[in-house]
Every structure is written in C-alpha cells, then in structure tokens.
Amino acid sequence: MKRSASTGSKKDLGCRPLPGVRRKHGRWRQPGTGGRRDLGPQLAAGLILAALWEAGVRLGGVPDFILPAPSQVAVSLVKSFPIIAGHTRVTLYEAMTGFVIAVAVSFVLAFVMDGVPVIKKALYPILVISQTIPIITIAPLFVIWFGYGLLPKVIVVTLVCFFPVVVSFMGGLQGVDGEMYDLLKSMGASRMQIFRLLKLPGALPSLFSGMKISAAYSIMGAVIGEWLGAKAGLGEFMRRSMHSFAVDKTFAAIIVITVLSLGVFEIIKLLEGWLMPWAKYAARQEE
Amino acid sequence: MKKIEVTGISSKYEDLRVLEDISLYADERELVSILGPSGCGKSTLFNIISGLIKPDAGKVLIDGEDHTGKPGRVSYMHQKDLLFPWRTIMDNVIIPLVIRGEGIEKARAQADKYFPVFGLEGFQDRYPSQLSGGMRQRAALLRTYMFKSDIMLLDEPFGGLDAITRRKMQEWLLQVLEKLGSTILFITHDIDEAIFLSDRIYLFTERPASVRRVFTVDIDRPRGSKTFTSDRFNRLKESILELL
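Chains A and B, in that order, are what the protein sequence lines are. Counted the way numbering that gives the first Met the number 0 counts, the first sequence spans residues 0 to 286. Counted the way numbering that gives the first Met the number 0 counts, the second sequence spans residues 0 to 243.
The shape of chain A in the complex, shown without the other chains (with noise of 0.2 Å):
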C-alpha cells in the first residue's frame, strides 16, 4: 500500500524534476559550453606550469637563448609589441583570406557533391589522397611558383582549411532525416527547396564543427607558409628570431599565435550560436 503509494507521487511528479537534475551533470550541454564559469582549475594548472617553468629556468642556469623563462618572455612580448603587432596582421589577412576562400569553395564543392553522386564518388578519393600528402613538403613549391607574396601563403591556408569543412559539411547535408525528406517530397517540393528547407539547416551544425577545427588551423597554415620563405608575418619573425637566438622573441610569437588560433575559433563558435538560435533550446530536448 505505501509502497504504491510513493511510486504514484513520484510518477505525478512526472519527468519534470528528473531532466533538471539530468542537466545539473551537463549531459545535455554542448561541449565546451559547461564550464565557462569554473575557470578555477584551469587557471591553477596554468599558474603552477608557468612557476615550475620559471623555477626551473632560474635555479638550473639554463641560458637566454636555449629556454627563456616565462616572464622574460612577457618583458619581450610587451617590449616588441609595435613589431609583432605588424607581422600579426599580416598573418591575420593571410588565414581569414585563405580561410573565407577554403569556406566557400567547401560549400560549393560539398552542394554539388551532395546534388550529384557520380561528382562525389569520382571527387571524394581524390579530396581524401589530397590529405595524405604532408603540407610542409609542398608549400616550397607554392614559393617557387608564387614568389614571396601573400599568394601562396593563402594557397596554403585554403589547402589546409577546406578539407574539413568539406567533409563535414557534406556528412551533415546526407545525414537530415529521411522521413522529414519524404514529408517535404510529399509535399511537392524541389530539389531546391529541400536544400534551404531541410539540408541546409539540418547539416549547419557539421558545417560549424568543420569551420571551427578549420579556423583554428588557418593561423597555423599561415605561419608555415611564411616560415618558408616571406617579406612579412608572424612565421617570418619567428624565423628571424631563431636566426638571431632571439628565443623570447619566438615564444612572444607562438604566445600570439596561440591567441589568435583561439580567438577566431571562438568568432567561429559565436557565428554559430548567432546563427543557430534553435540550438540553445535543442540541447535541452529529451529524447
């Protein structure tokens, strides 16, 4: 009798309560979104890698030009900062540049490949092999080719940049749900219309998980455009540091590099939420 009695209250209760406390433990969150109050941890580890670091530097005697310790490497971020700031925005244009161009041809390659099979079943091996080969060992070429210029630094943050946008986004545009397709079809729609209506939306969340990882790529493939061989930005001033055991100097860079790497990554994650204002509300649904 009372034993019925509790399950009846907690079944009136219903589902309510429960996904509350579900979402208390951040099942439903999206990743990364969890903790962004809880910095503690994080900043702590931070704080402790930097001090062992200094520490070490200092009491080991380790000279300037092997390993600076991380304060010297802030005097030097500060210090240098109108010539970094320079070498930034050149490497800045060249990522967002290539990066805007690797988005749109992805978008373009992945529409058509997604439209037409016998493109995607001819197209996508070749995209796939095109990975293998290492970056580092063609972009020489790109300088023989290109010259010294901001081209083939472009070339080759497009090259590094679009393949995960293209893969990605084309999984999300096969992966939209059949019956809401066969709903649309029995409705009388086009081709067309089921791409704005259907596919689009349904696969911007792969598109953004590609942009993302892509963004985040796009400063890194600038840098190692300029490393080898450049007039200006962020990889040329780490050359030019290295050259001259100027280590701070390097790690100033990297600092910046890291920075920036993040930065547009989070531009990348704002877009999103931006432009996904569903998404919110979705990562609550129960299923």
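Check the hints yourself; a few may be wrong.
Interface residues of chain B toward chain A, partial, derived using beta-carbon atoms under 7 Å [to be verified]:
1. G71
2. L81
3. W85
4. F122
5. Q123
6. Q129
I should point out that these hints are in silico values taken from the structure, not numbers from a laboratory. Since the structure is predicted, the reported quantities are computational estimates derived from the model, not experimental observations. Quick reminder that beta carbons are idealized off the backbone N, C-alpha and C, glycines included.
Given chain A's structure and the hints, the job is docking chain B onto it.
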C-alpha cells in the same frame, strides 16, 4: 458521392503480400478509423492513399476522381511530429505554403488565424523543443491542415504520447474537427481511441491485411470523458475484442 473511397486495393512488397483487397470509404466530415495490429500494413495503405506508392491492384477515388498513384491531393501526418527543430512553430506550420510558393508574410498571416483553434496561441515564435509532446503534435496537425484541409490521413498521431496526454488530445481532436469539418482517416491500434473518435471502424486482420469487419459507431456526439464508460461503448468494445 463519397468524399474518399478506396476499392479493391492490393499491394505486395517484394514477395510479401501486404494488403489484400481492401475497400473502404469516408463521407464528408466523417472520421473513419483503421484498427489493426502493429505492422499489419496500415501505413502502406496510407502511402497508397496519399499517392506515394502505387498499389498492385485497386483504385483511390477522391470526390469521385481517380487519384491512384498521384501524390499531393491529401495531407498525411505521421506518428512522429517531424517538426524541423531549426524553425519556429509558425515557420514549421507554413512550410506547405512556402513550398507552394507563397510569400512568407502572407503565409504567416494565413496560418496565424488557426493558432487559437489549435491551442497554440502565443507559441508562434517558440522552437519545437520548447513545447510539450502534445503541443508538438497539435503543431504537426496544423501543418498537415495547412497542406490540405479537406482530407487528412492521421497515422497513429497520438501513439507517442503518454496515456493522460493522449486522452486529452483525443477530446481536443473531436472539438477541433467540429470547427474544421475535415474528413479524416485515422490509423490506430488502440480500441478505445478508435471507438471514441470514429464514425466507422474498419477492423483489419494480420498480414496480409484485409478488412475483417466494419463497425458503425452509433454513439452520439459531442462525446466526452463519459463516453468511455457508456453502455454502447462497452458493448462495441466487447464485440471488437471478441474478434481479435
């Protein structure tokens, strides 16, 4: 003339006979149920009636015209709501109108009139994931209604809801149909639901499905929660149960 009539429908799936000589009809404003075990081919019948599949034999007549194998004449609602998570309820509901080529603003204005009728007033700008299961089904029904309003095929529309919500939705459906005046073919495997909603019930056999018996539900309208305990209801339920 019957509003919708299917005569002698047979269908095979590869070597498997799914439907065998099915004939049924619905008059204008009638709600006719197809009651049968799960997987007996009821959904295949709906695919045929909606024109998505061609039958191996038989005809689909709507307003006396042959519509066999021609899609787009009737609207069809599935058990799953199939609302697009990235569109608001309003923008989900107007999808049929958008496909037809109407302007967004005009379509929205047209659909907006029906939100109070479907109990969705104030939820136009919500996303599907913000709504309860019952409300999502109502939104899906409104979208179905926006496609074709005079004949709707409902394939276990409340099958995914909990028992309490389902009961409420059944009463709600009867009320809203009073206002809409649509002709409904309704698939269910719930005997109570079939009796409560229908003017007529076609009891199907197991696969290959054929019509085992037709029951006329002579229970007065409007029906309410008391209907479920009335004598007529129980007598009808008994005779259906005997046949299963």
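Against the structure, the hints come out as follows:
With a least beta-carbon distance of about 5 Å to chain A, the hint placing G71(B) at the interface is held under the 7 Å criterion. A least Cβ separation of about 5 Å between L81(B) and chain A falls short of the 7 Å threshold, and the interface hint therefore holds. With a cut of 7 Å, the hint placing W85(B) at the interface with chain A holds, because the nearest CB-to-CB distance is about 4 Å. With its C-beta approaching chain A no nearer than about 13 Å, F122(B) sits outside the 7 Å limit, and its interface hint is violated.
Hint status for Q123(B): violated, given a least beta-carbon distance of 14 Å to chain A, over 7 Å. Of the supplied interface hints, the one on Q129(B) holds, with its beta-carbon coming within about 5 Å of a beta-carbon of chain A, less than 7 Å.
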